[in-house]
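Visitor: Going down the list, the sequences are from chains A and B. 1090 is the number that the working numbering gives the last residue of the first sequence; the numbers go up by one with no jumps. 603 is the number that the working numbering gives the last residue of the second sequence; the numbers go up by one with no jumps.
No wet-lab data here; the hints were simulated from the structure. One or more hints might be untrue.
[Claimed, not checked] Below 30 Å or equal to it, Euclidean Cα-Cα: the simulated BS3-like pairs (lysine-lysine) are:
#, chain 1, residue 1, chain 2, residue 2
1, A, Lys1085, A, Lys866
2, B, Lys470, A, Lys863
3, A, Lys1085, B, Lys491
4, A, Lys866, B, Lys468
5, A, Lys962, A, Lys972
6, B, Lys491, B, Lys470
7, B, Lys470, A, Lys1085
8, B, Lys468, A, Lys863
9, B, Lys468, A, Lys1085
10, A, Lys970, B, Lys468
11, A, Lys866, B, Lys470
12, A, Lys972, B, Lys470
13, A, Lys1085, A, Lys863
14, B, Lys491, A, Lys972
15, B, Lys468, B, Lys491
16, B, Lys468, A, Lys962
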Amino acid sequence: MTRLLDVKDLKAGYGPVQVLHGIDFHVDDGETVVILGANGAGKTTTLRAICGMIDTSGSVNLEGGELVGSDAADVVRLGVAHVPQGRGTFPELTVEDNLDVGAYTRKDNEVAADKEKWFETYPVLYERRTQTAGSLSGGEQQMLAVARALMARPRLLLLDEPSLGLAPIIVSDLFERFANLNDDGTTLLIVEQNARLALGIADRGYVLESGEISAQGPADQLLNDDSIRKAYLGV
Amino acid sequence: MDVQLLLARIFDGLANGSTYAMVALALVIIYKATTLINFAQGEMAMLGAFIAYTAWFNFGIPMWGAVILAVILSAILAALVERVLIRPFDPADHLPLVIITLGLFLGINSLAGLIWRLDPLRFPELFPSGNAIDWGTARLSWYTVFTVATILLSLVGLTLLLNKTKVGLAFRAVSSNLESSQLVGIKVGPTLQFGWALAAGVGTLGACVFAANPVLQLEPSYMLRVLIFASAAAALGGLDSLWGALAGGLAVGFVQSVVVQYIPWVPNQMSLAAAAVVLLAVLLFRPAGFFGTAQVSRV
């Protein structure tokens, strides 16, 4: 399996506050990898560091290309799409405009075809294509945010706590869709607090504690690990 | 009630209101991009009108050519201003930016006084003279008709630009969600710069049309009042709505001309205060204006 993303000694933070103290992890092509962690562990910071949104040191290698030092607007051109926490959509824009803006960096002529594809995959988005994204329900917005990110045809999709603020039934539906996306060939890196769901669709996982990786392994092994069960599965 | 008199006041309001709407439109463009009121907008537009005047008077360029040249030059100047004075500052911290626009306001005003002196200049007419409707005291001048046509055309043009082009989509995306805009690959800086250029172009067109008013003369402070009325108009229209700027501009124009006529205890000199009262009332009772997007956020 080829290595898609290779992160080494990643350090990042906000001004004087260092959040990540040098973490290493990787994502192989076609995998679903999940990073688990409590609030404040540095999950969101990890994704923001990969995308060049904050000052970062260390190395983030995407198929041989270095992302550290790149401008956020260029990282998506290199093949990483990011669905940020909570507000991944453009609330004042229509659903269709959201998809169009997702394809902003593309110059090929298959944008319309891709839009059709996502409208077929998520029919509710087609029904609401002329509505503003802000008028959608939380689950629909999350779907739109994912479709919006995939319009860029990324090699790697980053999802920042997709389950946040959504009803459990919506969340399990959403994760099923993520599993389908992965089956169709999209490589996923998900950060989550909802360990059971995330590990359920993941190949491998990492546990992030206070800005350091404290455990890692295949998803089923983590699911059965006693300390992780206690800390994240509440059993 | 004297119908002719009422019509006369409405026609007056139409001409002024369209000018306010033009400058309000420029304010709205910047507000949409940055949620900032550019207090220098009126002075930037004034500078544009002087550039047009100079191109015509000193360089002999045909009047409409001079106006188009001024629109382009002021857009370029505004793009430079954005790059040098605005972009280095944190867009989320409004106070320094507001102070910068106030500084620009004073700077441009003094600069224009230095270059063109303070003597009023006669701006050439851009539109045919005479009246389209001539009914006793109710006269609708061709100037008014063409001023209204100018704002309508500008609005249609801007709406198409923002809704049908890629740069327009980027502009709307940036004004909706700055962070996600970066994540889809939009360069935020150049997009905001485009907004500044666009606003300056619209403002200059408005200032040229205003200066071409046969009853008005061009001098460095002729846009001061307009900016105040335009701010009221923009607030009335909701600050982030293009067509709201038109509705707001016309409403302020009508308030100004009709109130002075029909409310006897409001003297003519107080028409500026009428705009302030409108502004205050809107901020108090409808902070999102009449066409603006009320901020709704999920928590």
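Visitor: Each hint: holds or not?
Guide: Hint check results:
1. Lys1085/A / Lys866/A: 28 Å, holds
2. Lys470/B / Lys863/A: Since the Cα atoms of Lys470/B and Lys863/A sit roughly 37 Å apart, the hinted pair is violated (cutoff 30 Å).
3. Lys1085/A / Lys491/B: With a Cα-Cα distance of about 44 Å, the restraint between Lys1085/A and Lys491/B is violated, given a limit of 30 Å.
4. Lys866/A / Lys468/B: The hint is violated at about 42 Å.
5. Lys962/A / Lys972/A: 18 Å, holds
6. Lys491/B / Lys470/B: Judged against 30 Å, a Cα distance of about 13 Å means the pair holds.
7. Lys470/B / Lys1085/A: 51 Å, violated
8. Lys468/B / Lys863/A: 43 Å, violated
9. Lys468/B / Lys1085/A: Violated, because 54 Å separates the two Cα atoms, which is more than 30 Å.
10. Lys970/A / Lys468/B: 17 Å, holds
11. Lys866/A / Lys470/B: 36 Å, violated
12. Lys972/A / Lys470/B: With a Cα-Cα distance of about 21 Å, the restraint between Lys972/A and Lys470/B holds, given a limit of 30 Å.
13. Lys1085/A / Lys863/A: Judged against 30 Å, a Cα distance of about 29 Å means the pair holds.
14. Lys491/B / Lys972/A: 27 Å, holds
15. Lys468/B / Lys491/B: 19 Å, holds
16. Lys468/B / Lys962/A: Judged against 30 Å, a Cα distance of about 17 Å means the pair holds.
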